[in-house]
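There are 2 protein chains.
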Amino acid sequence: MTQDKATNITWHEGHVTRDARNALLKQKGATLWFTGLSASGKSTAAFTAEHILVAAGRLAYVLDGDNIRHGLNKNLGFSAADREENIRRIGEVAKLFADAGVITLTAFISPYRKDRDVVRELHVKAGVPFIEVFMNTPIETCEQRDPKGLYKKARAGELKGFTGIDDPYEAPASAEVTIDATATTPEQAAGIVLDYLRKQGILPA
Amino acid sequence: MTQDKATNITWHEGHVTRDARNALLKQKGATLWFTGLSASGKSTAAFTAEHILVAAGRLAYVLDGDNIRHGLNKNLGFSAADREENIRRIGEVAKLFADAGVITLTAFISPYRKDRDVVRELHVKAGVPFIEVFMNTPIETCEQRDPKGLYKKARAGELKGFTGIDDPYEAPASAEVTIDATATTPEQAAGIVLDYLRKQGILPA
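Line by line, the protein sequences are chains A and B. Going by my numbering, the first sequence opens with residue 1, and the numbers climb by one from there. Going by my numbering, the second sequence opens with residue 1, and the numbers climb by one from there.
Since the hints were derived computationally from the structure, they do not count as laboratory data. As the structure is a computational prediction, the values presented were derived from the model and not from experiment. Check each hint, because a few of them may be wrong.
Remember, identical chains collapse to one label, so a pair may be satisfied in a single copy or spanning two.
Calculated lysine-lysine pairs in the DSBU-like style (CA-CA distance at most 30 Å, straight line) [to be verified]: (1) Lys125 with Lys148; (2) Lys153 with Lys26; (3) Lys152 with Lys125; (4) Lys153 with Lys125; (5) Lys114 with Lys26; (6) Lys26 with Lys199; (7) Lys152 with Lys74; (8) Lys148 with Lys199; (9) Lys199 with Lys74; (10) Lys199 with Lys114; (11) Lys199 with Lys152; (12) Lys160 with Lys26; (13) Lys148 with Lys26; (14) Lys26 with Lys152; (15) Lys125 with Lys160; (16) Lys199 with Lys160; (17) Lys153 with Lys199.
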């Protein structure tokens, strides 16, 4: 804060501190990065956690295909470079949200370890908590669920480069949280994530 | 919300509503888009407003060169296409922040009316309040201030394409708020903006 003593006028040349916003919100901004196969339960777990958090008076926001694909990343396709840029931008936006104090949940397959590690690194550099949530649901379960019929199309060769079928999913080596949705309800999955946040002091105990 | 009656398990397949987050924060998410020449007072007014808001318990966040240029937009240069994409991405991110309930202040020269109108349009489509704040400080004042010596360099021909010198600044035709920093302190400028937010019901009266 700068104060001109002669006139008693105050102004600011820089950002409010992260701590000030965290104190206001009574939580620490953080990114919860859900990763896993299509139909592994990422979105449902993230949305369920978002609803529980907001109902409890905590500010949470999900970044997913719905609010990213037709907006920020509408000029990206499915080339290798575009997929990498897609995840990079989402990572940068999540970092800004978390910096602002928001508990930010991202729900994207994000199959490549390298791309997720780039996002982790930019959070670490900024001192913003990054929590990788690996939805380790076996492909058999995902394929059985197949709510959008995508696995069926991929098996029939109508969809190319589908993660888990003809494109690799690189499992995290050391995710902070790992959940298998086969035997875990979305509510339980959200509960596991929220317990982790409380243990980390991101949410009040 | 989906509830499986047999098991009493609940889960969610979609986002928390904007209204729920606004109620939690006791404010409406909105984008305050500051535009004006270099040294016209955009950043100082935005930061001063951010500090006043957070001190009053309201969640506000400034997007500026500091947190955008070396992050989300680090892969953009200064070609016409890149400048346009720069503003588009900032606009999309501001919209997401405002959707999340945050009073979002952006501080970029954003000299072209067309680019600002693209950002306005995407807010209007999403039903998110967009407030253009035109820092209408005469170039003579900006050039006299010249805190970073940029006008001097531009006049000497060392900087090309500098807004107001050899690149146009297209003034908004109908900004919601217009401020001339020549005779307005940063604190007064912030006050003008916050009064506008109260009148619009974005902040509690």
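Do the hints match the structure? See the list:
Proximity of Lys125 to Lys148 under the C-alpha cut-off of 30 Å is restricted to the inter-copy arrangement: shortest distance 27 Å between copies versus 38 Å within a copy. For the identical chains of this complex, Lys153 and Lys26 are neighbours neither inside a copy (46 Å) nor across copies (46 Å), given an alpha-carbon limit of 30 Å. Taking CA atoms no more than 30 Å apart as the test, Lys152 paired with Lys125 passes in neither setting, with 41 Å inside one copy and 35 Å between copies. In the homo-oligomer, the alpha carbons of Lys153 and Lys125 never lie at most 30 Å apart, since the shortest distance is 41 Å inside one protomer and 33 Å across protomers.
For the identical chains of this complex, Lys114 and Lys26 are neighbours neither inside a copy (33 Å) nor across copies (40 Å), given an alpha-carbon limit of 30 Å. In the homo-oligomer, the alpha carbons of Lys26 and Lys199 lie at most 30 Å apart both inside one protomer (15 Å) and across protomers (28 Å), since each shortest distance falls under that limit. In the homo-oligomer, the alpha carbons of Lys152 and Lys74 lie at most 30 Å apart inside one protomer (26 Å), although the nearest pairing across protomers, at 39 Å, exceeds that limit. Taking the shortest alpha-carbon separations for Lys148 and Lys199, neither the intra-copy value of 36 Å nor the inter-copy value of 46 Å comes in at or below 30 Å.
Taking identical chains as interchangeable, the C-alpha atoms of Lys199 and Lys74 are never at most 30 Å apart, the minima being 37 Å within one chain and 35 Å between chains. Within a single copy, Lys199 and Lys114 get their C-alpha atoms as close as 28 Å, which meets the 30 Å cut-off; across copies the closest is 48 Å, which misses it. For the homomeric pair Lys199 and Lys152, neither the shortest alpha-carbon distance inside one copy (40 Å) nor that between copies (54 Å) is at most 30 Å. For the homomeric pair Lys160 and Lys26, neither the shortest alpha-carbon distance inside one copy (45 Å) nor that between copies (47 Å) is at most 30 Å.
In this assembly of identical chains, the alpha carbons of Lys148 and Lys26 never lie at most 30 Å apart, being 38 Å within a copy and 38 Å across copies at closest. With identical chains, the CA atoms of Lys26 and Lys152 are never at most 30 Å apart, being 45 Å at best within one copy and 46 Å at best between copies. In the homo-oligomer, the alpha carbons of Lys125 and Lys160 never lie at most 30 Å apart, since the shortest distance is 36 Å inside one protomer and 33 Å across protomers. Taking the closest pair of Cα atoms, Lys199 and Lys160 never come within 30 Å of each other, the shortest separation being 41 Å inside a single copy and 53 Å across copies.
In this assembly of identical chains, the alpha carbons of Lys153 and Lys199 never lie at most 30 Å apart, being 42 Å within a copy and 53 Å across copies at closest.
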